[in-house]
Amino acid sequence: MLKYLLKRSGIYLIMIFLTTSAGYFLAVSSLKPAVLEQEKIPRPTPEQVAASFRGLGLDPEKNAWERYVEWLGGIVTRWDWGRSPNGAYVNAEFADRVLVSTRLFIASIILTLIIGVALGVYSAARQYKFQDRVITSYSYLVHILPAPIAYFLVQLGAISINEAVGERLFFVTGISTPGIDPGWPAFVDLVAHYAVPTFAMTIFGWAGYQIAQRQYLLDNVNADFVRTARAKGLTRNQAIRKHALRVSFIPVAQSIAFTIPAIFTGGFFAEAIFAWPGIGLWSIQSIGLQDVNVATATLAYGSVIFAIGAILADFATTLVDPRVRVQ
Amino acid sequence: MSTNTTPAERLRDAGLYAPGDAVLSVRDLNVRFNSENGVVHAVRGVDFDLMPGKTLGIVGESGSGKSVTSMAIMGLLPETADISGSVRFKGKELLGLSDKAMCKHRGSDIAMVFQDPLSSLTPVYTVGNQIIEALTVHNPTMSKQAKEARAVDLLRMVGIPSPKDRLKAFPHEFSGGMRQRVMIAIAIANDPRVLIADEPTTALDVTIQAQVLEVLHTAQEETGAAVVMITHDLGVVAGMADDIMVMYAGKPVETGTVEDIYYNPRMPYTLGLLGAVPRVDTATKQSLVPIEGTPPNLALPVTGCSFAARCPMVSDACLHGEPELISVPGSETGTLDHKAACIKSGELSGNADAHRIFHAPPKPVSKFDGVARTERDKVLELKDVKKHFPLLKGALIKRRIGTVKAVDGLSFDIREGECVSIVGESGCGKTTTLLEIMEFHPDQVGEVVIGGVSNKVATDHKTKMAMRKEMQMVFQDPTGALDPRFTVYEVLAEPLENLGMPKAAIKKRIMELMQLVGLQPDHVNRFPNQFSGGQRQRIGIARALAVNPKLVVLDEPVSALDVSVQAGVINLLDKLRAELGLSYLMVAHDLSVVRHISDRVAVMYLGKIVETGNVDDVFDNPRHPYTRALLSAIPVPDPNLERTRERIILQGDLPSPLDAPKGCNFATRCPVFAALPAAKQEKCLTLEPPLTSEAEGGQDFACFFPDGELDAEMLVVHA
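Residue numbers (the numbering used here), protein chains in the order written: chain A, 1 to 327; chain B, 1 to 719.
Only chain B is shown next, with the shape it has when bound in the complex (with noise of 0.2 Å):
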């Protein structure tokens, strides 16, 4: 395709030139919507061909327009949404179907797995029934009987254990993890030829997240679907997709074939993205690549390049009109032409250095760095902390039927300037954990030490409030931990108003937190929902600075931010830790930001902590079992490796904390327990391992065979 062509003659390309034997051939595809603030063109002008069997990873950030142009295809976009351009499904256009028209190639011939398994399933039907309901449209002939076996045989392939009784089951009797396979198995019950996923795997653990891949790998196997797979995981496409195709503010700006994108990127989007992941599988010591500013407002008319105002590279020429997605020189070989819209892309071949483009901030150095651990402060310490829930039953008369182990016998420390992580799946008890810490009371079974002061004798309310000076908290989601209602002046003053500090104090401490947590000073008179994502955390961590606090509690701190902010985010908490000397304790899911920002790190397992210890020691030769499988379930961002490493996929979920089992907590999951012969499993059955190490210095860790081997089953490589 040639540089300016008008949509109509796109148009006319696509239906002539389109290869003849792509399954789904989408070109010049642009939707708008009617919104308060004028029509909002969120998808504009994405061409792809898919190729049968093949997989395209759509990668974005939120905003990108990645979701409306696969709901496009989908034709489920609202009736007000003005779509045009062309969709092709084996040459039928699909485009401008009836929504009864439509219907005979959703579900058959195109299937989707949405984002949120949660609410994606009706509550009301058994998974059964919603699974023959899939087969019921478009086979109206099949017999009962033949259907019920087909739903069977789908439970199977997508790995739900006892699928004739599962059948019969509501979606809340499944776990989430579960509900996605549910959700898989919908999609490929009647063999799709394209089966679009969207975020599958956003909302699941990461032990879950790995399984579900797993599942859609298989999927895409039996089935022999084209798949296309939309996410903001650079990582979870890297090992499965063929080709990527990079959006940002509704359009393309790079394609091309993975090895391409990841190892050659000519888009300086594509690279900053790169860059500002942090990678689980080295010891980076560097900080991440930071995106300054926001995707632009789709509802004004753009007029240069979309990335202009928030690109390193940025000249004159850039600001006047929208560069096209042209084929980068000396790329024509490959099955794709690896295409970027970006005047500069040739500026950018050969090693491209994203830190040099983008400005990283050099890594701060604390002052605390050089000195050992052991001579540093404790500034919080945790002595056999325990939490655990009677589990009740009962209407009027409750009886206890069993108790939920939230947090048993936790102890750990933090000395002055580390960064401490706790991580785990959902329900392991890591905010718990944290809501332990905060409590801070006479009567909880354990001791909190935090700054000198134990909760055994800190009774009265003048040490307590002392103890909250020391320690303060940044929340997970920081638009609900602001007060909608508050400026941003009155969500700072109100922790300095609480210690009693003079008005014109307060004034001049807000400005200085302002500054620190980079935000504009004279912003303060503004309200949260005035600010982006990212800005309204740093008014979170701002606010929890405000009373100079030595430790911080972080709970996942930048899970609900968009990757290249997320990257700015996580380089502030770095440059306060090290000009502060602060000490955070943060809870993560991320493992890839818990190995850039942590010193030490603590895995937990129902309530315990399996494995402790410095970061680089537990990432670089974990020994319990379950932080191999945790570390080998994270989807490391380079195509190369990620289809050639070994994965070891978890059964099952984490088991209720009820049934906990007696010896070893992990025994039920555990890939080096199924390896053993019976004689060894009962040791791990009848005897709790402790945690200590094997070596002066090294990591700690709760297993009586850490270097077992693993059970081939549960190992998987893709070659």
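Chain A extracted, bound-state conformation (with noise of 0.2 Å):
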């Protein structure tokens, strides 16, 4: 087993490796953060703005080659992932951010896989019945509503609830309240700060497992295997609950591979409506702000995510299915 995750690590590196060198040439190709220096007034000449690149290791005049290597082997020997035009680190930045969207995403992750696996194997249990119609239609609105307008209902309606009360109960934007006191106060606010994102995103989030889940699960709940264990004398439910629920959840499991990195995609609304500053929001900012380094690095860490999401998944797989245990 052991053996196998490091094959697949290695395997992943590489395409790792590939896809942001990729990344890094398109950038350095497409973005020129020389243009928007022209707006800033007083207006610096061509001359300032190459030299003032030129020390951030930005230098336009080189090629996209010469640039690549360069780059490269700052990652490699200093772990040093380059500069914005504004003169910032990246290496600095990208921690607090990774740090920001994790908080902000892993419960809401957790939430809806639970979640939503649950409600699928409820509503197949329930097939055409009055709470998987419920469920199930729930599932494929959600599916049809855009996100910024999902979370702005749910914003709202923190919204009134605080005026209801009378107080502010919840936040609706923001990560913390700054100069709050350690210790409970400092938990009551994160709460507050947390419930109404981690809430937004799971109530629409969870749509997606339950169809799959749901669909996968009728698919075998009429299975040859499953006739066979009532016959053994199992009731029908204990037979779907045992043989069928399992067999089931193998494509769910292998669907978790993709989901984690377009959660982390999709968050660039989740992170600008709540105001949370992650990396979602970065990396498409960083593209309006013309930065090449940290315009690859967020399509790195992506790379990275969706690594683990799919080593995850083969780990997943091969926990519930013997067919595919490696020996």
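Heads up, a few of these hints could be off.
Unchecked claim - Think about it this way: if two alpha-carbon atoms lie no more than 20 Å apart in a straight line, the pair counts; the simulated PhoX-like pairs of lysine-lysine are:
#1 B/K144 with B/K164
#2 B/K550 with B/K462
#3 B/K393 with A/K7
#4 B/K378 with A/K242
#5 B/K462 with B/K386
#6 B/K469 with B/K378
#7 B/K164 with A/K242
#8 B/K386 with B/K469
#9 B/K367 with B/K378
#10 B/K662 with B/K680
#11 A/K3 with B/K393
#12 B/K54 with B/K100
#13 B/K393 with B/K405
#14 A/K242 with B/K469
The set of hints was computed from the structure by calculation and includes no laboratory data.
Put the complex together from the two separate chains, hints included.
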């Protein structure tokens, strides 16, 4: 197993290297930070701009290959992902951004997974009954609702709760209140900030899992092996719980790999709307700011998250499906 | 039971007069399903009593309601099914019990073995886990060790080698036959009184079928259970069953002892079925009995005899009122009344001739019949054709760890007007051989000559096209082989358009073809799904014949069809061969069909021909031990013969082509080899036996000890 995981990790490392390199070439040839410098007042001369960029390792006169070698050398020798046109170090901001994003998403990722799968099972067991129709219709409705609108609706709801109570129970934006006392007040403050975005992303996030799990379970409810289990003397529900459920979870486990990066990239809206300046927001902003190094670094991070998700999915699949167990 | 009883009376009779010692009494069982086309009345009044230790065979074609009956008894039908009547286990009513209450009986009193062993076991649990589960459900207090020991015993009983280790294996690590053994082990885990086997061997190879039937036999002996054996194969039940119930359109149409049914059928349907099955043990050069038409639609109310539309003896009286299942005159003696649901059962007494009644066509005569084989042209010749697949391992860099010799040096020829069949178990290379012939590429190993054109010289498109015109193919699954969005006209026109035939000529040709294969020419604008399975296969045959080929390759042409329909298609193939002077190359697993239709046969084992020759020579006097085993594995629809004959039960499955032995491929499973003294065994293990004949004109076979004694352990006789 360990050998298998190492082998997979090796393959993913190569893939991450290739995507990141390709991303760097794309960024370096299309993003031109000098254009933005021209809008500064007083307007700097092109020579000034070039000189300042040269100092930052963003020399516009070098060709793409030279800059790539220089950039890659920085990473390999010093783990230095370069600097922004405004002089900031990518490394310095990166860790904070990742932490913000991870904190924002981790709870809702786990909750969507658990709730989605559970509701999928619940609705499949009651196919075409009232509960199933309500749950599944809700999932389809959420699927067609754009994320920004959904999040705004939740914010409006939180605000109206605050107004109804007459007290500020929930914060609809921001990470924490500055200058709060540590200990209990800090924890209450954290929950108050955390509740709204997590709630919003969860209730609009589980739809995919619910629909998939319901579908896969229904495919297996009438499988021959469930019939065999019933013929042994298990009730229908026991047979479904013990035999159909595990088989139907195999494709769901695989789909997790592709959902984790999707949440990460789709996180731009959540980070923007709830004002949690995380890595999704950073990634989009960096393109607007013609920031080659940040754009590439966020892309690399996306690839890493994808690889971790894929390895997790491999791991989950081997856990639930003996047919793919490796020798 | 008298003739005119109401269902209520029959139910009361069931309670009062059912034989007290019957383990299972079914009375007036009716099952209805709601479908988009209305209520389908799938089972219409099934009555039977099953005595302890006895075997009841339920015989019928697909859609006759035999599986639905068994599922209704088990309480496994969907909740939406409307079930009425009575099912009593030792006097206790089972119908109407809740799922939970029924669970006490399922798996302990009544157990079931299903048709498809590949999908009937949960893929994610070990077989040990699944057997132990069956024990746990009914014996919650049993200790873990006791359950494990019992599971090992069960696996040993069904003949799984090293059962202790195999407990931890997953279903995908077993072959189909082995999985069916596991299914049987699960079914008999709690010593059931009734064991229902629903087509338990239909999905298996004949040699494996023989093994599994043997296991079922052992299981019945060990547990003393009564068995309900559901099958479409009259051969399978002939040797096993005590009583037979023939079902048609959801209703039993004839019941009786196995002798009554096989030797004295009193219902035209039974008679037709028996005549429709070709026999592997006799060289009948007679056409099969075709039963024209299709079973009735059970969504429509039945007004007369449900078989009337297909019955050659039909009269006006048959169309008014459905005949009751009543005792046939002069048969009250046996253990079980011989009953038939036919108003003309009296006319059928004695030796009714199915061929005459069903107007079986005369055996067609081909213009080549009088010509000696050596004087006819070769339409296909294979010279040392090989197909080896490399077995690779590794994710990025593949390395070769072995070779699968799917086809390993095949040579044979087909002359004008003859049918050559390739037989063997799945995995022996039959289909690969066909694919190699169809491939027809200069880079192939070995030479394929079709109509005088060799694959070594046919490099340009034009010669290849000409070759394709000579040879056409009919596929196994008629539904999958026809584009559902093409009308029959388009299906048949496509090959003709490829040849550049003018439109008017195409139209004329299609009308000819429709008539040729026995379809109505005005149905050309229908889509394939508007035809029955047999008709679809006729369309497939018409498509193959469209371009007037000399050779037609038939890949399991009738294995997807019901027995009665199969007979019609076989007769058609026979007729076309005679009328058009066609040659056939057929691949089939059903040796009875092969014997009926072929002139020559080649038996394949692990990519090699082990015996080949005239079909009667090979079948009547098989020389290679594998051929002998294969032939002895085929059940014959003749109860007396089936009960007394000696059978060779091969051990194990077809070995993986990777482990192919150095000498004779078959040595690992060979019954002769097993009985040889060690000195002689050495020869089999080191030298490869050549394919040669012993006498001039006899068949060729590849065995050093063709008449060797058979190992006693592999011989079984049920006395």
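### Query
Does B/K393 pair with A/K7 here, judged by a C-alpha cut-off of 20 Å?
holds, 15 Å
### Task
Take a quick look at whether B/K469 and B/K378 sit within 20 Å of each other, Cα to Cα.
Holds: B/K469 and B/K378 sit about 16 Å apart, inside 20 Å.
### Given pair status - B/K469, A/K242, alpha carbons within 20 Å
Judged against 20 Å, a Cα distance of about 55 Å means the pair is violated.
### Query
Hey, B/K378 versus A/K242, does the alpha-carbon distance stay inside 20 Å?
violated, 60 Å
### Task
Could you grab the alpha-carbon distance between B/K54 and B/K100 and see if it respects the 20 Å cut-off?
Outside the cut-off at roughly 29 Å; violated.
### Query
Does the alpha-carbon distance linking B/K462 and B/K386 stay inside the 20 Å limit?
With a Cα-Cα distance of about 25 Å, the restraint between B/K462 and B/K386 is violated, given a limit of 20 Å.
### Message
Tell me if the straight-line CA distance from B/K164 to A/K242 falls inside 20 Å.
### Response
violated, 24 Å
### Query
Can the restraint linking B/K662 and B/K680 be considered satisfied, given a maximum Cα separation of 20 Å?
holds, 15 Å
#### Entry: Pairwise hint evaluation, B/K469 against B/K386, where the allowed Cα distance is 20 Å at most
Given that 20 Å is the threshold and the Cα spacing comes to 24 Å, the pair is violated.
### Query
Holds or violated: A/K3 with B/K393, Cα cutoff 20 Å?
holds, 16 Å
### Task
Compare the distance between the alpha carbons of B/K144 and B/K164 with 20 Å, and conclude whether the hinted pair is satisfied.
Holds - the C-alpha atoms of B/K164 and B/K144 are around 14 Å apart, at most 20 Å.
#### Entry: Restraint status (C-alpha distance of B/K367 to B/K378 at most 20 Å)
At roughly 16 Å apart (the allowed maximum being 20 Å), B/K378 and B/K367 satisfy the hint.
The structure is inconsistent with the numbered hints 4, 5, 7, 8, 12 and 14, although it conforms to all the rest.
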